[in-house]
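Colleague: Here are the chains, one letter per residue:
Protein chains: 2
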Amino acid sequence: MAESENGAAAKRLKTDAANDCGDAGEPSSDSLVSDFEISRILRDCAREKIIFIHGKVKDQDAVVILEKTPIRQDTLSELLKSSQLKLQIKNDVYSTYQLHAPAHLNEIKTTVVCPATEKHVKKYLHQEVFLVEESGEDYRNLTLPYISSQSFSVQWVHNILEKKAEADRIVFEDPDPDTGFVLLPDFKWDQKQVQDLYLIAIVHRRDVKSLRDLTSEHLPLLTNIRSKGEDAIQRQYSVPPSKLRVYLHYQPSYYHLHVHFTSVEYDAPGCRVERAHLLSDVIQNLQADSSYYHNRSLAFPMRADDGLLLKFKEAGKV
Amino acid sequence: MAESENGAAAKRLKTDAANDCGDAGEPSSDSLVSDFEISRILRDCAREKIIFIHGKVKDQDAVVILEKTPIRQDTLSELLKSSQLKLQIKNDVYSTYQLHAPAHLNEIKTTVVCPATEKHVKKYLHQEVFLVEESGEDYRNLTLPYISSQSFSVQWVHNILEKKAEADRIVFEDPDPDTGFVLLPDFKWDQKQVQDLYLIAIVHRRDVKSLRDLTSEHLPLLTNIRSKGEDAIQRQYSVPPSKLRVYLHYQPSYYHLHVHFTSVEYDAPGCRVERAHLLSDVIQNLQADSSYYHNRSLAFPMRADDGLLLKFKEAGKV
Numbered sequence: 001m002a003e004s005e006n007g008a009a010a011k012r013l014k015t016d017a018a019n020d021c022g023d024a025g026e027p028s029s030d031s032l033v034s035d036f037e038i039s040r041i042l043r044d045c046a047r048e049k050i051i052f053i054h055g056k057v058k059d060q061d062a063v064v065i066l067e068k069t070p071i072r073q074d075t076l077s078e079l080l081k082s083s084q085l086k087l088q089i090k091n092d093v094y095s096t097y098q099l100h101a102p103a104h105l106n107e108i109k110t111t112v113v114c115p116a117t118e119k120h121v122k123k124y125l126h127q128e129v130f131l132v133e134e135s136g137e138d139y140r141n142l143t144l145p146y147i148s149s150q151s152f153s154v155q156w157v158h159n160i161l162e163k164k165a166e167a168d169r170i171v172f173e174d175p176d177p178d179t180g181f182v183l184l185p186d187f188k189w190d191q192k193q194v195q196d197l198y199l200i201a202i203v204h205r206r207d208v209k210s211l212r213d214l215t216s217e218h219l220p221l222l223t224n225i226r227s228k229g230e231d232a233i234q235r236q237y238s239v240p241p242s243k244l245r246v247y248l249h250y251q252p253s254y255y256h257l258h259v260h261f262t263s264v265e266y267d268a269p270g271c272r273v274e275r276a277h278l279l280s281d282v283i284q285n286l287q288a289d290s291s292y293y294h295n296r297s298l299a300f301p302m303r304a305d306d307g308l309l310l311k312f313k314e315a316g317k318v
Numbered sequence: 001m002a003e004s005e006n007g008a009a010a011k012r013l014k015t016d017a018a019n020d021c022g023d024a025g026e027p028s029s030d031s032l033v034s035d036f037e038i039s040r041i042l043r044d045c046a047r048e049k050i051i052f053i054h055g056k057v058k059d060q061d062a063v064v065i066l067e068k069t070p071i072r073q074d075t076l077s078e079l080l081k082s083s084q085l086k087l088q089i090k091n092d093v094y095s096t097y098q099l100h101a102p103a104h105l106n107e108i109k110t111t112v113v114c115p116a117t118e119k120h121v122k123k124y125l126h127q128e129v130f131l132v133e134e135s136g137e138d139y140r141n142l143t144l145p146y147i148s149s150q151s152f153s154v155q156w157v158h159n160i161l162e163k164k165a166e167a168d169r170i171v172f173e174d175p176d177p178d179t180g181f182v183l184l185p186d187f188k189w190d191q192k193q194v195q196d197l198y199l200i201a202i203v204h205r206r207d208v209k210s211l212r213d214l215t216s217e218h219l220p221l222l223t224n225i226r227s228k229g230e231d232a233i234q235r236q237y238s239v240p241p242s243k244l245r246v247y248l249h250y251q252p253s254y255y256h257l258h259v260h261f262t263s264v265e266y267d268a269p270g271c272r273v274e275r276a277h278l279l280s281d282v283i284q285n286l287q288a289d290s291s292y293y294h295n296r297s298l299a300f301p302m303r304a305d306d307g308l309l310l311k312f313k314e315a316g317k318v
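Protein chains in written order, with UniProt numbering: chain D, 1 to 318; chain Y, 1 to 318.
Since the hints were derived computationally from the structure, they do not count as laboratory data.
Relax, there's no trap hidden among the hints.
Short derived list, chain D residues pointing at chain Y, Cβ under 7 Å:
id: 1; residue: Val33
id: 2; residue: Arg47
id: 3; residue: Ile51
id: 4; residue: Leu85
id: 5; residue: Val93
id: 6; residue: Tyr97
id: 7; residue: His100
id: 8; residue: Ala101
id: 9; residue: Ile108
id: 10; residue: Val113
id: 11; residue: Leu131
id: 12; residue: Arg272
id: 13; residue: Val273
id: 14; residue: Ser280
This one's a predicted model, so the numbers in the text were calculated from it and none came from an experiment.
All residues carry an ideal CB built from backbone N, CA and C; glycine is no exception.
Please build the complete structure, drawing on both the sequences and the hints.
Modeller: Structure representation (structure tokens):
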């Protein structure tokens, strides 16, 4: 499954959409939406024009997600010609209007989860985010014991490395057991355009959990990923290294070392400064100090419902 | 003006909207929109549902910007009850629909710039972005001569420090000439809610252009900004340090040292890893190596029309 930050439900929906297109277009007389009674707003993304609502359909818990659709280039002429306009402000060369478009040119994508479990609701509920500063000692005393106790499975990563899964998705492989890796598209990327290019390099070594484990010993591995990853992407997608943002996450979403390659023009999830570490910086830091990532305080964001945050709170670190 | 990444036209529109509300609601019979002939798409932001179009109205150049509006919480009930629905996919507890909403509940905000100059068009045109790696030597040979030759004025910064402008906006000041600074809201923040909190600390010292000039000599300045800035924000806005992302930009948008304080939950422009440097990392790096930022290669993004990019290209560095 390469990397995904989406939870199980979102993945499931994606899969459904791929497998189940036969149903598309079928009209529904028994609408889950019109019977929906709103209880509360779980999350409201004004910038992206998405809203997540919790409520009930005939006494069953339900989540409704409304998302305005992107403006379609192929319907622009019709949209501009056939809409009603109301002038709001005119000043010099600038004017603004309210545009009332015909409904079929201005759809809202609606997703209903019903009956919804507590887990669905929690997944969509806006969570507070805290920035934690983890010293090297905090890592050894709090984080490492926590991630070991959770025993997050990386079997799906091993399946990819052993070609038991997703073998047809691999774009490039260096099989060297010490410095080698496989490169494959992240599931968030539909591979239709390079504007949102997103690939993941997963190392063959199984003894490096994250940035925290890296020392100068791993410099050949990291420089190899950088140069061969960039070469493969240039060959395969004609995207040069100067158009790539290459980075690691801390905390990662799974504890087997991997590197993200995204288009620098793509606002990829997880590319903000508090979670991403540019591979070029990581390499330079390890060249200067082999124990850089063992000793430094590293800041990272955690959702309020993250079990690790609780450990930091119990220890009085947040 | 504190910091703003918006160009003049966007600011102008904001001002117009504030000053010119008297015109709101006036219907237009002579619509600039319906006569608009599309020439090309300047930019298409599918995630944010915005599109920028270049075209002509009666032989005059024009730019039209369409942006779907956020989903309004106060109209949700009406929206769900009065819309037409078409089932797309149903699988287990998940179902998706196309929702056709009444036009007045699903507006598109339309902005017209007419006649538009070449400058308007260039402002809205999508620009390629390149990631440049600048060594310490590149900085001294290419960047420093370039920014000196451009002699970007920071008079407006001096006006703030001298209380000749924006004095009423200052949230906190430490007047110390070596370690002091003023803290004020960034212009991007309307100060209506802390979800998108954004303040800037501007140092009183005038001899530090950017991250590149910092050495261990500046550690008292940086630690002072961090602790007093966090204290002031906690006092004034009840936002604790664990909810703040505190960082510098490289390249900065103006060459007088300043530090950004944003809510960690706010997807602030310029908080991506390729431009932002966490103050906590900067402090640790200078503690370990006073010449860290003199010697390191620093990666940063540049638009294709940036004059500095041309210098790097001429030198064969991109």
